[in-house]
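On the provided structure of chain A, position chains B and C as indicated by the hints.
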Amino acid sequence: MTTQDTGTIMSSPAGAAALGPLDACGAQPIILDVRGLSTEFVMKRGTVRAVRDVSFTVREGEVLAIVGESGSGKSVAALSAMRLLQSPGRVAAGEVVYRGKDLLSLSAREMRDIRGNHISMIFQEPMTSLNPVFTIEDQLTESIRTHLKLDKKAATARAIEMLRLVGIPSPEKRVKDYPHQMSGGMRQRVMTAMALSCEPDLLIADEPTTALDVTIQAQILALLADLRKKFGMAVILITHDLGVVAESADRVVVMYCGQVVEEACAADLFEQPLHPYTLGLLESIPGMDETESDEPLYMIRGMVPNPLNLPTGCAFAPRCDYRTEQCVREMPPLVERADGRKLRCFVDVTDTAPTPVAGEVAE
Amino acid sequence: MSEWNQSSVDEVPTMGSESQKADETLATGIVLPDGEIPGDDYDETLYEKPENQWLEMWRSLRANRAALVSLIFIILLVLVAVAGPYITPYNPIETEMSNALKPPSAEHWFGTDQLGMDIFSRVIAGTRVSLTVGLLAVSIALTTGIVLGAIAGYAGGWVDTIIMRVMDMMLAIPSILLAITLMAALGKGIDKAVIAIGLVSIPEYARIVRGNILSIKENDYIAAAHVVGLSDARIIFRHVLPNALSVIIVRATLGISSAILDTAALGFLGLGVQPPQPEWGDMLGRARGFIFQAPHTLLYPGMAITATVLAFNLLGDGLRDALDPRARIK
Amino acid sequence: MLKYVIKRVFMVIPVMIGVSIIVFSLMRVFSPDPAPIVLGQHATVESMDAWREANGLNDPVVSQYFTYLTGALKGDLGTSYYTKSPVTGEIFARFPATIELALAAIVFATVVGVLLGVVAAVKKNSIFDAVGSLFALVGVSIPIFWLGILFIMFFSGYLHWFPSGGRIDVLLKPAEVTGFYMVDAVIEGNWVAFNNALDHLILPALALGMYSMAIITRMTRSSMLETLGQDYIRTARAKGISETKVIGKHALRPSLIPVTTVIGLQFGSLLGGALLTESVFSWPGIGKFTVDSILKSDFPVVQGIVLLVAVIFVMINLTADLAYASLDPRIKYSSKKER
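Protein chains in written order, with our numbering: chain A, 51 to 413; chain B, -17 to 312; chain C, 70 to 408.
Okay, chain A solo, but in the shape it has when bound:
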């Protein structure tokens, strides 16, 4: 894709062409294949199974959104794939295949070679994700020198170019700054620059905009889209914000209670969600014109279950308006449908009417 020996960054026309139009989503070759990933946290109170048999794929150049609320396991899944999990968390089962190799079985050194180099990650809190006692230059050149083996001057030059690319003004001056001298939005750009400095194939962005102002949010998302076009890399965008998904994602994976409950192309998902949870999420978004002033806002009733005490059967059943006897008894498997979408549900919501049970949403 780029020539690494000169240390300069070239955009990749090949990458741009590889991105098909939206309705051809799912056509590109697969670069990351997560199969049956299960992660647990062993604690005094019990074992929390944060990720349960999660499988999804990421294709070259696409933006895959992983949506779910706090506690759904989306971040943990990403950290598990990157092997950045700290105890008491541990991966209990599964494979994470990147370009033919299972990341979970690589040696530590081989994994380090991948991180920051082929697969990068940016995190939610830009304010605390940069080391306060080192300069931006120091932190940027570190991964450049580790992976690209450039000397100090070349590395700094590349760092400055990266900063320019992410939209930081006067990068040659800012590179000598310390993190605390920058705003949150700036720091997130620096993080992005850091993650992309070695031109990875895949960028995992864990709620990159959650901690930022709405206006900055838009800027960062636009930046990510722009960089994706330039570098032709794939992005896993982890978020709980459906607005972000609608704006940026090609495909979507919906997670609930550590499981994948639905997977589809973004357009299809928004047009017709198939899982009651996804339905509920979309329904919960307050519309500007639809809601009558005296109508209560819709909320999915009930609570996320205690992770130490998950229901047998479908995890969402206690809160579901479409549930049946079978849902409470049995755990529905994740099924791939004829149209390529995946669904973990026994019920066909397009065909059934919801039957809200007693104990519904009160004022």
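Hints in this document: simulated from the structure, not taken from any laboratory.
Since this is a predicted model, take the numbers as computed values, not measurements.
All C-beta atoms, glycine included, are put in the ideal place defined by N, C-alpha and C.
Check before you lean on any hint, since a few could be wrong.
Stated by the list, open to error - Selected chain C positions facing chain B (in silico; Cβ < 8 Å):
1) 78
2) 215
3) 348
Here is chains B and C on its own, set in the frame of chain A:
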């Protein structure tokens, strides 16, 4: 900082739905609505109401075995100190020169010192001295420090500045040196030692209290309490003081151990008790010349000091861990 | 940054003045009359009066203080009641010995303390952590003077590895250039003397430094643990750099910053502890001198020593604070506006 004590605010019923609310509920411990949802059996233990801070502390402490052992040991020491004269096999200050420097035996468990006094009895008798001085010195430092700190915190302005500058000056002189200098001014004797050691520790407690009182002006949760309508007095008593109290208790426990070390140091230098009264440090100081010919005279008093200080340190550490809210969410 | 430095330096001055007032009032105002102690209980009233007059003790307190203060600023700390020689000279003759001991102790405490603390934090809850923490706990609980006695008993009396006291074998004493025997020995090229001085230094330095080492270990451990839980450590790992670098560079640097403050404070406790250690090891420094002077009520000497020690301690803490400020970019560059 202590948790926002939920029981002081009226319970707000909440409708559970998306997990944002769930997370908040988890954090604040508000009771869930009792709308029946079949199949939904949430586990009580994850959503329990926050309990009394002190009960939590006790529970956490109980789990810490080392701290528990120390507590038992200290209680034992207190008993020994109180029982003192009644349980010593020999009179601790009775000399018998013919019996001097005898190594440990069946009659004299710890042997005898250079004046023929039974070391075991002297070690036991010394317990009373060390514990008393430790407690008294810390009490002096505590009360004076709290008062000064409170005044500094409330009054603010130049009163605050002056008091804290004086504290700084006291801290500018290493504590043992200051204590010794005070002793030079006050004269020898165990009572003067108590005052000296006590005075030297004042700045520590003054700072803690002042810091906590200043937080009334600054903390977010205090501002929130104001918004909800709690008066200053109520805030102080329900929120600030309990938090300050827990820090003070930890420091005081550790303060006792350093007071005991300082006492022994002064005794070692000959500035503490007057002969022939038994005191661990003093015993070490006087037996120094016999280091090679009668090591037992130096071993046991030193072990007594170390064991006692160790116990208080372990207890203090255990208390600190028990009172740290972060450690509670395990 | 410069503003911060100036501010800190200025804050030191009132503290120093305050210390001098405290020391002075303790010795002249609150102490018992030194005349009977110095001259003996059988001295006549007239001779005691004359002595007091000669030593300026009959002047008003405030003027006594100013005499003392102006003298001190010029370097004259008064005259010993006993030896009649200037206090300043007496102190500086013995000073290098104590400094040598204190320096050796702090170096030991810092190097070993930081090492143990880092290992304990990185290998949390392992056997290393348990042993290290236990070691530190005992270290803060054991009285310095007793530790010294134990060292002498074991390493000197039993193993015969080290001498039991003193600073150097008298016959080997090198020519006095700096007053630091090891330095002087090197200057002279006298390796026998150097070794001998080192032998004498090891036990007292270890005994003196143990407490501080324990404190530094605990502080480093908790500081490292806190740093290791920070987000930026996760970022560092996500970049794919070696774990050694993550710990040694990204975690260690921020962790050491608060430790500098602790080191500064420990120096003060070392100066205090030197009193005890010098006593145990018959180390000819100012510690022993201080204790003797206090017991003899030689107030000018005590005043001089306490003032000097306080000044040194304040200076060291100032240096530590400034080091902290220069190491932590958030303080160093806080004047720059956030963009």
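Checked hints:
For residue 78 of chain C, the interface hint is violated, the least distance from its beta-carbon to any beta-carbon of chain B being 15 Å, above 8 Å. With its C-beta approaching chain B no nearer than about 4 Å, residue 215 of chain C sits inside the 8 Å limit, and its interface hint holds. A hinted interface residue such as residue 348 of chain C counts as satisfied when its beta carbon comes closer than 8 Å to some beta carbon of chain B; here the least separation is about 7 Å, so the hint holds.
Violated hints amount to a single one, hint 1; each of the other numbered hints is respected by the structure.
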